[in-house]
Every structure is written in structure tokens, then in C-alpha cells.
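Student: Each chain, letter by letter, is given below.
2 protein chains.
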Amino acid sequence: MLKEVIANKENYQPGLSTDCVIFGFHDNQLKVLLIKTKYSEDWALPGGFVRVDESIDEGAVNVLQRRTGLKGIFLRQFATFGKVNRNPIAFSQKVVNFFGIPKEEALWYQRRFVTIGYYALVDFLQAVPQPEGNSEVVEWIDINSIPSLILDHKEIFDKALETLRMELNLVPVGYNLLPEKFTIPQLQKLYETILGRKLDRRNFLRKITSIGILNKLDEKKSNVAHKAPNLYSFDKERYETVLNNGLHQGW
Amino acid sequence: MLKEVIANKENYQPGLSTDCVIFGFHDNQLKVLLIKTKYSEDWALPGGFVRVDESIDEGAVNVLQRRTGLKGIFLRQFATFGKVNRNPIAFSQKVVNFFGIPKEEALWYQRRFVTIGYYALVDFLQAVPQPEGNSEVVEWIDINSIPSLILDHKEIFDKALETLRMELNLVPVGYNLLPEKFTIPQLQKLYETILGRKLDRRNFLRKITSIGILNKLDEKKSNVAHKAPNLYSFDKERYETVLNNGLHQGW
Numbered sequence: 001m002l003k004e005v006i007a008n009k010e011n012y013q014p015g016l017s018t019d020c021v022i023f024g025f026h027d028n029q030l031k032v033l034l035i036k037t038k039y040s041e042d043w044a045l046p047g048g049f050v051r052v053d054e055s056i057d058e059g060a061v062n063v064l065q066r067r068t069g070l071k072g073i074f075l076r077q078f079a080t081f082g083k084v085n086r087n088p089i090a091f092s093q094k095v096v097n098f099f100g101i102p103k104e105e106a107l108w109y110q111r112r113f114v115t116i117g118y119y120a121l122v123d124f125l126q127a128v129p130q131p132e133g134n135s136e137v138v139e140w141i142d143i144n145s146i147p148s149l150i151l152d153h154k155e156i157f158d159k160a161l162e163t164l165r166m167e168l169n170l171v172p173v174g175y176n177l178l179p180e181k182f183t184i185p186q187l188q189k190l191y192e193t194i195l196g197r198k199l200d201r202r203n204f205l206r207k208i209t210s211i212g213i214l215n216k217l218d219e220k221k222s223n224v225a226h227k228a229p230n231l232y233s234f235d236k237e238r239y240e241t242v243l244n245n246g247l248h249q250g251w
Numbered sequence: 001m002l003k004e005v006i007a008n009k010e011n012y013q014p015g016l017s018t019d020c021v022i023f024g025f026h027d028n029q030l031k032v033l034l035i036k037t038k039y040s041e042d043w044a045l046p047g048g049f050v051r052v053d054e055s056i057d058e059g060a061v062n063v064l065q066r067r068t069g070l071k072g073i074f075l076r077q078f079a080t081f082g083k084v085n086r087n088p089i090a091f092s093q094k095v096v097n098f099f100g101i102p103k104e105e106a107l108w109y110q111r112r113f114v115t116i117g118y119y120a121l122v123d124f125l126q127a128v129p130q131p132e133g134n135s136e137v138v139e140w141i142d143i144n145s146i147p148s149l150i151l152d153h154k155e156i157f158d159k160a161l162e163t164l165r166m167e168l169n170l171v172p173v174g175y176n177l178l179p180e181k182f183t184i185p186q187l188q189k190l191y192e193t194i195l196g197r198k199l200d201r202r203n204f205l206r207k208i209t210s211i212g213i214l215n216k217l218d219e220k221k222s223n224v225a226h227k228a229p230n231l232y233s234f235d236k237e238r239y240e241t242v243l244n245n246g247l248h249q250g251w
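Respectively, the protein sequence lines represent chains S and B.
Residue 7 in the UniProt record's numbering is what sits at position 7 of the first sequence, and the numbering runs on without skipping anything.
Residue 158 in the UniProt record's numbering is what sits at position 158 of the second sequence, and the numbering runs on without skipping anything.
Do not rely on the hints blindly, as some may be mistaken.
Away from chain B, derived, C-beta distances all over 10 Å, residues of chain S [said to hold, decoys possible]:
{"hint": "1", "residue": "ILE116"}
{"hint": "2", "residue": "LYS216"}
{"hint": "3", "residue": "LYS221"}
Each computed EDC-like pair below joins lysine to aspartate or glutamate, with the alpha-carbon atoms no more than 16 Å apart [stated by the list, open to error]:
{"hint": "4", "chain 1": "B", "residue 1": "LYS31", "chain 2": "B", "residue 2": "ASP158"}
{"hint": "5", "chain 1": "B", "residue 1": "LYS83", "chain 2": "S", "residue 2": "ASP152"}
{"hint": "6", "chain 1": "S", "residue 1": "LYS83", "chain 2": "B", "residue 2": "GLU54"}
{"hint": "7", "chain 1": "S", "residue 1": "LYS71", "chain 2": "S", "residue 2": "GLU105"}
{"hint": "8", "chain 1": "B", "residue 1": "LYS216", "chain 2": "B", "residue 2": "GLU192"}
{"hint": "9", "chain 1": "S", "residue 1": "LYS3", "chain 2": "S", "residue 2": "ASP152"}
{"hint": "10", "chain 1": "S", "residue 1": "LYS9", "chain 2": "S", "residue 2": "ASP57"}
{"hint": "11", "chain 1": "B", "residue 1": "LYS83", "chain 2": "S", "residue 2": "ASP123"}
{"hint": "12", "chain 1": "B", "residue 1": "LYS83", "chain 2": "S", "residue 2": "GLU192"}
{"hint": "13", "chain 1": "S", "residue 1": "LYS154", "chain 2": "S", "residue 2": "ASP53"}
{"hint": "14", "chain 1": "B", "residue 1": "LYS9", "chain 2": "B", "residue 2": "ASP57"}
{"hint": "15", "chain 1": "B", "residue 1": "LYS31", "chain 2": "B", "residue 2": "GLU139"}
{"hint": "16", "chain 1": "S", "residue 1": "LYS83", "chain 2": "B", "residue 2": "GLU104"}
{"hint": "17", "chain 1": "S", "residue 1": "LYS83", "chain 2": "S", "residue 2": "ASP152"}
{"hint": "18", "chain 1": "S", "residue 1": "LYS83", "chain 2": "B", "residue 2": "ASP53"}
{"hint": "19", "chain 1": "B", "residue 1": "LYS83", "chain 2": "S", "residue 2": "ASP53"}
{"hint": "20", "chain 1": "S", "residue 1": "LYS31", "chain 2": "S", "residue 2": "GLU180"}
{"hint": "21", "chain 1": "S", "residue 1": "LYS83", "chain 2": "B", "residue 2": "ASP57"}
{"hint": "22", "chain 1": "S", "residue 1": "LYS236", "chain 2": "S", "residue 2": "GLU180"}
{"hint": "23", "chain 1": "S", "residue 1": "LYS181", "chain 2": "S", "residue 2": "ASP123"}
{"hint": "24", "chain 1": "B", "residue 1": "LYS31", "chain 2": "B", "residue 2": "ASP235"}
{"hint": "25", "chain 1": "B", "residue 1": "LYS83", "chain 2": "B", "residue 2": "GLU155"}
Hint data in this document are derived by calculation from the structure and do not stem from the laboratory.
Beta carbons are placed, not taken as given, at the ideal position from N, Cα and C, and that holds for glycine.
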């Protein structure tokens with residue numbers, strides 16, 4: 001990808017990139033999509049450059065689609081990262097060497113880049129991680145076992161997780177992360193996994209039902225020995241309303 | 001300023017700017033600092049470009065200092081704006097004509113710019129609006145009477161206000177906006193002004209005192225005929241703690 005971008009560099013905004021923190025929930029783990037390339041020992045967030053004829057949001061949507069095959073997924077811009085030495089020249093040199101990019105062409109890449117961070121919550125089972133070329137590995141990795149990341153990607157990841165945790169207080173979460181039918185314990189586990197701490201069962205039940213976004217289904221979870229828990233689904237319309245207006249807040 | 005930047009364009013990140021929404025509170029009005037230049041009928045947010053040797057945050061801090069004389073003020077990055085046509089070429093042409101910038105030099109400015117939005121809360125009485133050159137007007141304008149703004153500056157302003165309102169639910173506000181000693185009704189008025197709606201007096205008192213950031217002073221407001229209200233100050237240490245950890249939240 002980088003080689004093609006550099007060959008058409010006049011079609012891209014200079015010194016600007018996007019990086020995506022793509023979260024998925026599976027097996028009671030919150031995971032993030034990471035990439036390992038051959039030019040570095042470290043892993044990386046999926047990212048891209050911004051074409052002059054696309055908005056920065058469209059740039060991020062394209063990264064997500066290219067990397068997961070998913071379309072129409074909610075992406076949220078959370079912060080822009082612009083320290084002076086966030087992409088040192090030595091790093092860029094390694095990358096252009098790896099791709100065998102000619103020296104004069106490489107200059108476009110060997111400059112300071114500012115990157116715009118986006119995060120997405122996707123359905124783990126529907127996303128199909130897509131490597132580019134045969135030298136890449138794309139994997140879902142548990143947020144509690146993040147490997148060493150290139151550049152400031154750990155800072156970008158941390159900020160995305162911090163934002164997601166903060167937003168649990170403002171909007172409902174779960175629509176893209178849980179299967180269509182789920183139990184309250186599954187939903188609580190999602191919240192606990194994002195927050196990184198246990199929640200009181202009764203308090204959670206009271207608070208989550210008071211939001212009014214859940215439909216109790218006339219079904220119980222099967223394959224459960226006894227005391228099968230009720231299944232729920234999100235009331236999509238009500239969910240959207242709360243997503244737009246925010247949870248009822250203090251003042 | 002633009003002319004000097006263009007003359008030293010190799011010292012600046014291409015296609016990147018910062019815009020600052022600077023809020024001040026005075027006379028029970030929330031105001032924003034706006035600039036009127038001679039090359040446009042519309043007003044503008046104070047902004048600047050990003051030097052290659054400064055971080056994006058430092059770039060924004062410099063704008064704030066240049067425009068208000070204030071140092072060490074809390075600035076918060078809230079969003080980056082990057083629609084394809086946010087700064088049409090016709091607009092740039094008007095600006096470079098106004099400054100009499102040579103055609104070949106002007107090209108640097110006549111390209112797509114992505115801008116990073118910051119907001120600041122400043123002490124209205126300490127800020128001294130600073131025009132650059134004698135063709136500029138810099139003024140505090142009530143947020144309820146925002147004039148027509150250039151480019152997407154209205155969108156940037158709206159997003160800043162939306163962020164500020166949202167953050168009232170997450171962190172305490174007031175430290176930079178109120179005088180050192182204030183009354184509860186003054187603080188309530190600040191919250192009401194930011195939120196754009198009335199709050200119940202007793203609920204507000206209960207909630208604001210439960211945060212534990214207020215020191216009740218052994219003084220009453222003078223020049224008040226009868227029933228002089230108590231004066232308060234912020235417990236700076238406790239205020240900082242809550243600012244860092246967030247107000248106690250739902251989950």
C-alpha cells in the first residue's frame with residue numbers, strides 16, 4: 001500500500017494519516033485488531049493516508065473496510081496525535097528500505113506526520129481480518145495482552161480505551177459488540193470488560209433497565225442446565241435515540 | 001501573520017492549522033473570542049499554523065497566548081475538521097489578494113487544510129484581546145449572538161460548545177471562569193449559561209456540594225441589601241483530583 005501511495009503522492013494530504021483502534025468482543029474478552037509487518041518487530045494499529053478528494057472520516061472508514069471487510073460501521077474520531085518526533089526519520093527509513101522505495105520518492109514519507117485517531121466497535125464474528133500482501137499478519141489481540149507497538153500507537157490505543165470507558169457514562173454500548181440476542185450477564189460482562197472492573201449485579205440490572213433500551217424476549221438461553229437466563233435484544237429505535245441524546249445526566 | 005508564515009513556509013506543516021474556541025464568562029453571559037478582519041465580512045475563530053518544531057498542542061497554546069496575552073491556560077483538543085471543501089480556493093484567493101501575496105508563494109495557502117479544534121476556558125477579566133495589525137478587531141461575543149463565521153467555523157464553535165456541555169457531566173467547571181470568591185447562585189448561573197437551560201436551585205446545591213470541591217468562606221457578599229449570600233472558593237487540590245479522576249459516575 002505505501003508504495004502505491006507514494007507513487008501517487010500528489011493525491012494525498014502531506015504529513016497526515018489516520019489510525020484506527022478497532023475493538024471487538026468475544027469469549028468475554030475485549031480485543032483490538034493489530035497488524036504485524038516484516039519491517040518491524042512491533043505491532044501496529046491499522047492506518048492509512050488521506051486522499052485529497054476524501055474527508056478525513058472517509059479515510060478512516062476506508063481503513064476499517066480494507067482491514068475487516070465491514071461497511072457502515074460506526075467510527076468515532078477521538079483525538080489527533082501531533083508530537084514533534086512521533087515518527088522519527090529512522091523509522092521511516094526502515095520502512096522505505098523494506099519496500100525498496102527510491103530515495104527521492106521516499107522523501108514524501110520521511111517527514112513529520114500528524115495522525116487522526118478513530119475507534120470502532122465491531123461484531124467480532126462478522127469481521128474478517130484482511131492482511132495486505134503475504135508479509136502481514138492481522139490479528140485480534142486481547143486488550144490485556146497488547147504487545148509492543150510501533151511509534152506512539154500504544155498512546156493512541158490507551159486514549160481510545162480511555163475514551164470508550166468515559167463514553168460508557170454518556171451513551172449506551174453493546175449494539176455492535178454483542179450477538180442479536182443476549183443475556184443480562186453477557187451485557188454486564190461487556191461493561192465489566194471495557195471498564196476493567198467488577199460491577200454489582202443488582203445495581204447494573206437496575207441501571208441498565210432504567211435506560212429503557214432493552215426488549216425482554218420470550219425465550220431463554222438454551223444449553224443451560226437449570227435456571228436458564230432470559231434473552232434480551234436492543235430496542236434499536238430507542239437505542240438510537242439515547243445514542244443521540246445521551247443518557248440522562250446529572251445537571 | 002499569514003504573509004510571514006508563507007515566507008517561511010518550510011517551517012510549517014503543510015495543510016494543517018489549529019482553531020481555538022476561547023470561552024469567557026462575564027455578566028452572566030458565556031462569551032467567545034472572535035476576530036474580524038478586513039478581507040471578509042464574516043468573523044473568524046482565532047487560529048494559526050503548526051510549526052514543524054512544535055507539537056500541535058503547543059501550536060494551539062501559542063494562538064491563545066498571542067490572542068489573549070494569557071499563559072498556562074488549560075486548552076483541550078476536542079475534534080479535527082477535515083471535510084474536502086472546508087476551505088474553498090475562492091476563499092484563499094481573497095485572503096492572498098488582501099495581503100498582496102505573490103502568486104507562486106500563495107500556492108502553499110491555496111490547498112486543502114485540515115484544522116484541529118481546541119477550546120479554552122479563560123478568566124474574562126485577565127484576558128486582553130490582541131488584534132494583529134491595525135486592520136483587525138478582536139472581540140468577546142455572547143454565544144447567543146454569534147455573527148456569521150467564515151468557512152466551517154460555526155461548526156467548529158458548535159462542536160466546542162457541545163463538548164463543553166458534555167464535559168459538565170464528567171469534570172468540574174468554573175475554576176478559570178469565575179472570580180476567586182463566588183456565591184453558589186453565581187456558580188449555578190455559570191452552569192445554566194453553559195447548558196442553556198434553568199436548573200433547580202436545591203438540586204444544584206445538593207449536587208455541587210456533594211462533589212466536595214467547594215470551601216465555604218467566612219465572608220458574605222458585600223453590597224447586598226439583605227440576606228447576603230455566602231462566599232465560596234474552590235478547593236484547588238480537591239478540584240484537580242476530581243478533574244483528573246472524573247466525577248463519580250454511574251457504572
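Student: With reference to the structure, classify each hint as holding or not holding.
Tutor: Each hint tested on the structure:
1. ILE116: ILE116 of chain S not clear of chain B: closest Cβ-Cβ about 5 Å, inside 10 Å.
2. LYS216: holds (21 Å)
3. LYS221: holds (24 Å)
4. B:LYS31 with B:ASP158: holds (13 Å)
5. B:LYS83 with S:ASP152: Given that 16 Å is the threshold and the Cα spacing comes to 25 Å, the pair is violated.
6. S:LYS83 with B:GLU54: Judged against 16 Å, a Cα distance of about 7 Å means the pair holds.
7. S:LYS71 with S:GLU105: Measuring from Cα to Cα gives roughly 33 Å; hence the hint is violated.
8. B:LYS216 with B:GLU192: Status violated; Cα separation ~21 Å.
9. S:LYS3 with S:ASP152: Judged against 16 Å, a Cα distance of about 22 Å means the pair is violated.
10. S:LYS9 with S:ASP57: violated (19 Å)
11. B:LYS83 with S:ASP123: Judged against 16 Å, a Cα distance of about 28 Å means the pair is violated.
12. B:LYS83 with S:GLU192: Answer violated: LYS83 of chain B to GLU192 of chain S is near 36 Å, above 16 Å.
13. S:LYS154 with S:ASP53: Not satisfied, since the Cα-Cα distance of roughly 30 Å exceeds 16 Å.
14. B:LYS9 with B:ASP57: violated (19 Å)
15. B:LYS31 with B:GLU139: holds (9 Å)
16. S:LYS83 with B:GLU104: Distance ~30 Å between LYS83 of chain S and GLU104 of chain B Cα, so the pair is violated.
17. S:LYS83 with S:ASP152: holds (9 Å)
18. S:LYS83 with B:ASP53: holds (9 Å)
19. B:LYS83 with S:ASP53: This hinted pair holds, its Cα atoms lying about 9 Å apart.
20. S:LYS31 with S:GLU180: violated (19 Å)
21. S:LYS83 with B:ASP57: holds (8 Å)
22. S:LYS236 with S:GLU180: OK: LYS236 of chain S and GLU180 of chain S at ~11 Å, within 16 Å.
23. S:LYS181 with S:ASP123: holds (13 Å)
24. B:LYS31 with B:ASP235: violated (25 Å)
25. B:LYS83 with B:GLU155: holds (11 Å)
The structure does not agree with the numbered hints 1, 5, 7, 8, 9, 10, 11, 12, 13, 14, 16, 20, 24 stated previously, though it agrees with the rest.
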